[in-house]
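Chains as they are written, first to last, in numbering that gives the first Met the number 0: chain A, 0 to 340; chain B, 0 to 340; chain C, 0 to 340; chain D, 0 to 340.
In case anyone wonders, no lab produced these hints; they're calculated from the structure.
Note: identical chains are not told apart, hence a pair may lie in one copy or across any two.
Mimicking EDC-like on lysine to aspartate or glutamate, the simulated pairs with C-alpha atoms at most 20 Å apart in a straight line are: (1) K312 to E296; (2) K271 to D283; (3) K276 to D332; (4) K276 to D297; (5) K294 to E338.
4 protein chains.
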Amino acid sequence: MLYFESDYMEGAHETVLQRLIETNLEQVSGYGKDHYCDSAKEKIKAACNCPDADIYFLVGGTQTNQLIIDTMLTPYEGVIAADTGHVSLHEAGAIEYTGHKVLTLPQHNGKIRADELDAFIRTFWQDDNHEHMTFPGMVYISHPTEYGTLYTSAELEHISAICRAYQIPLYLDGARLGYGLMSYQTDVTLQQIARCCDAFYIGGTKVGALCGEAVVFTHHNAPKYFITRMKQHGALLAKGRLLGIQFDTLFTDDLYFKISRHAIDMAELLKKGFQEKGYEFYLDSPTNQQFIILKDEDLIRLKKQVVCSFWEKPDEDHTVVRFATSWATQKEDIEKLMEVL
Amino acid sequence: MLYFESDYMEGAHETVLQRLIETNLEQVSGYGKDHYCDSAKEKIKAACNCPDADIYFLVGGTQTNQLIIDTMLTPYEGVIAADTGHVSLHEAGAIEYTGHKVLTLPQHNGKIRADELDAFIRTFWQDDNHEHMTFPGMVYISHPTEYGTLYTSAELEHISAICRAYQIPLYLDGARLGYGLMSYQTDVTLQQIARCCDAFYIGGTKVGALCGEAVVFTHHNAPKYFITRMKQHGALLAKGRLLGIQFDTLFTDDLYFKISRHAIDMAELLKKGFQEKGYEFYLDSPTNQQFIILKDEDLIRLKKQVVCSFWEKPDEDHTVVRFATSWATQKEDIEKLMEVL
Amino acid sequence: MLYFESDYMEGAHETVLQRLIETNLEQVSGYGKDHYCDSAKEKIKAACNCPDADIYFLVGGTQTNQLIIDTMLTPYEGVIAADTGHVSLHEAGAIEYTGHKVLTLPQHNGKIRADELDAFIRTFWQDDNHEHMTFPGMVYISHPTEYGTLYTSAELEHISAICRAYQIPLYLDGARLGYGLMSYQTDVTLQQIARCCDAFYIGGTKVGALCGEAVVFTHHNAPKYFITRMKQHGALLAKGRLLGIQFDTLFTDDLYFKISRHAIDMAELLKKGFQEKGYEFYLDSPTNQQFIILKDEDLIRLKKQVVCSFWEKPDEDHTVVRFATSWATQKEDIEKLMEVL
Amino acid sequence: MLYFESDYMEGAHETVLQRLIETNLEQVSGYGKDHYCDSAKEKIKAACNCPDADIYFLVGGTQTNQLIIDTMLTPYEGVIAADTGHVSLHEAGAIEYTGHKVLTLPQHNGKIRADELDAFIRTFWQDDNHEHMTFPGMVYISHPTEYGTLYTSAELEHISAICRAYQIPLYLDGARLGYGLMSYQTDVTLQQIARCCDAFYIGGTKVGALCGEAVVFTHHNAPKYFITRMKQHGALLAKGRLLGIQFDTLFTDDLYFKISRHAIDMAELLKKGFQEKGYEFYLDSPTNQQFIILKDEDLIRLKKQVVCSFWEKPDEDHTVVRFATSWATQKEDIEKLMEVL
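Work out the full structure: start from the sequences and follow the hints.
Here it is in structure tokens:
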């Protein structure tokens, strides 16, 4: 069986695991107050060229989105997101659970458009009844998006400028950030993200770690008593070292970027293979997730040898499926897949 | 100045007020446990032909929507509503404040369509990832809608059948229910609403009361310990008599229906006047709210003598405004308005 | 039957009712933006000698406590209250429903002690683990308390000074404020309350109104977009005039104070009666609620002619009951009660 | 430096870590749907002699308490706990954050007493006003408690019987369960806990795992759609294998119990040492946490060579400190500590 179901099917990159072993019996304080966390933070700040960052480590993506959005918003505010955004659709209402509305904009290949964002906020403030409505309090974008697509540098700058004009924070969900930054077709850098956003997270779970996401507040703007808010959300890990050691390793010798590039190389191989065999793409993704439209009968046949993810049904006879590569994808598995196709 | 701004600009119908005066010094228990509340409940049950109803009195519309939706849903569920539904747009996130997502369907003249509702729920259950999504847990409709429009009897039955097929409750927001029931162009009755819905409320605030909405759970399905839930929401009135006496009066000698009919008569006059003078309607409303598209220059002129509500801007040069009649509208004010136009 | 069950058994003071009648058909804007609300606010500011106050009108006591506490606290903070405080015990968890903990101090005749308050907050800040605890974010006192007792001027000043030293707001629940201010045995004035507290409310429901509480933020410190927060809590009344007109009347010609004084006069008569007949008091209350310890057999006999409230059972054979007077209490009912005893 | 600060200062037991390495590149599905989770569940069911258990794996203790309590309660209910319970004091209000009140009983060496529990619930139901109060909806106990103490078998049975009489669930926080079960002085077994409780968790974070707690619902009583509730709380780990593999290893060859016993052996050594040197104990703890009362001057001296935890200040001149042993404690560190003392 060949597995392309997701980018979180294996454990951790071996270098990360090795470091956990080496440090295992060292005694350190809990709750993220250990020197590994400190060291990881310094390395991330350097990588982001963002000396004023406040950095915290959390365990998972939905937890991170929920905590960041809840703590950066005031209670009468909601978060603007694409209607296909992870926070809109696939977090089981985790944002609403904290009392905040997700205000949706139409998606365009998974992305929001700056002009539509601007119009949405402007319309809100012009509405005589806006005191009876949810205030737009921040903007959420994912990069790569849930469809593997990427904002261009110009798009990111434009969205950032609108957020600053309206004085609301821009937050970027980087669950697969490494795969976005290492795409062959991107002009967005980590440093630029740190400049354009007020908060973002660098995904570890899908990029080489057992678990873990690094939250970056880019200008000493972490919500007050953030540790307490983490605790209140059940999101403060006792053995914070587990996250610190992993991110310290991922940000040593560019490991995070190197393994991300590997996933992109594998995705490009996959993409090329699908293209050559004449498969229809649902959209053009420049990252590690590739969406293919299959006839249902072909899908049934394929499923005997390959595991991929159901995405949606565009019509009665076809299915959109996702193939994901990752830091752990073996080149020979791609080759085997091509034989199967 | 002529006021058509809303249907809650005056106090209460004089019969209601008179009854408050007559009963003022009678000593009764608090929290809705008085005989006026009991009497009002019986009269409402009779009017709805719904002997199995559980009835409670609340103060306002958003409070009612928030409480009903929060207590009828389990915490992992959301409420389906039109994207222009009051709970979607104009309650300042009151539903999300209680932890529940509003799942939106496209509006069609303010209404949801049964086929789109069916498809939405079916797609949810067919999605392999639905455990990561908000469960559709009830359906919210407003009747009249926020645009003054009405469901037909067939539409209501269809939506109700879908809800029952999926075993989720149907809830009807009747903030202006009287004006819907007394429309010249409706085939929906109060008894039918009680049969088709699992819960609904009969609006008092906009139909002759100082304040107050009567919540009807149609088949002894009030959420357990509902009084406690009211208290927990800050929605339990100490002097419950205030609500009981008003509804008891409104449901004596068909007062609720008679005064609602007056508002409809006035609205039809208004509508006819606008039609004769060639004004453009935003949509065809059969109830007490009429939406007119005005040139901005005309609107500016009109505002010197008439107060109406801003609704939205369809383009740069025009504005949609709302004229509302109510139980208190004077015929001569309509005539004066016609002169002004 | 004689009713001393509570102070919210009748409708409204006749002057208040009269004013509702007179103004009934005047057309005014909704949501508290009418001139009666404006006028009432000015009169309250004058009565409090507090020109910098922000004033809002709400419908009921639990709603008010929930909204004030939720909006004045940041989400990681809790409110300090006596363990017998209304917010601690008798609001069905309305504070916790908004996500905030009630941090309890021992009650002393219903009151908290300044030294214990000081120690509680100091201990919190000295605790190495306080980041894992709920932050004390405001202080709640009721005046009169749930036991009818009153803070002295010195006690109030002391508590206020502690709050200011720790920079947390002091909030006073004045559900029965009139009865406290008009007590024969108080040295606390309304102006002093306005000086000592950051927020408080002047209870209308129990003091002459059909419903309504006037919230006073004493130094332009109303939480941002408070109207939106009211809406979000389901606490924004469409016909705000109902509250404005009532408070405008209550604060005209000292009506609020005169009717409160009447209740106190009646309570003192009642108290004297009980004393002369040798009844045992649960505690010494200087306001309109009197707590008497009865043998259960006496209580059973009394209940045939008199309605009073169960309070608690101090032992197997006795019951503490409450007799409440109000603005509406008839002197002859007191006299009849004395005959019955 | 000698570290006795807590029982979560090291990584994971080497057997656990070894297993993570061995399985690292195996590809499995996410979100706990892998065979390691399945296998771990079966082993835990066997160890608990509880074939009807529903088992889920979570990441940390506060997350677990928050999720279990929130999902087992209906929204109008609160959880009863000792006033020193972890959920009462040291979770930053995580329970209240989900809308539920913690109803506190006095602690007795960290434990609640069955008779006081019974009286509390009985009093609630007898109170005429209980509809205005938070309903007692479940009971929380920790075993070992926050003070290292243990319920006896008889106490546990008694508390369980009361819960069943009132038909509310009993939930046991087993963050340090292994250390409780392996105490020299306990007559409580894991099987008995599974019989007496409706839910409990087996702590991994403090007993040999990198992170992780195993939640046991003892009679197919997991809250409906529990995976969705986990997701909604941000508590659903993408790489569920991380938890499954660890618990599978801990429940293979009694590893969990053997390493817990080691911690107890070390604690008994420590205790004996303190006793022989005449130190004063704050209370008699039969588990891995020992609480010693030190003169502040002695504490200052000690801190130069030893790290222990501040607990509380019983008076101006003394401090209660905690020494914790764990699965990782080295015997020679205990010996060195004894030399230092």
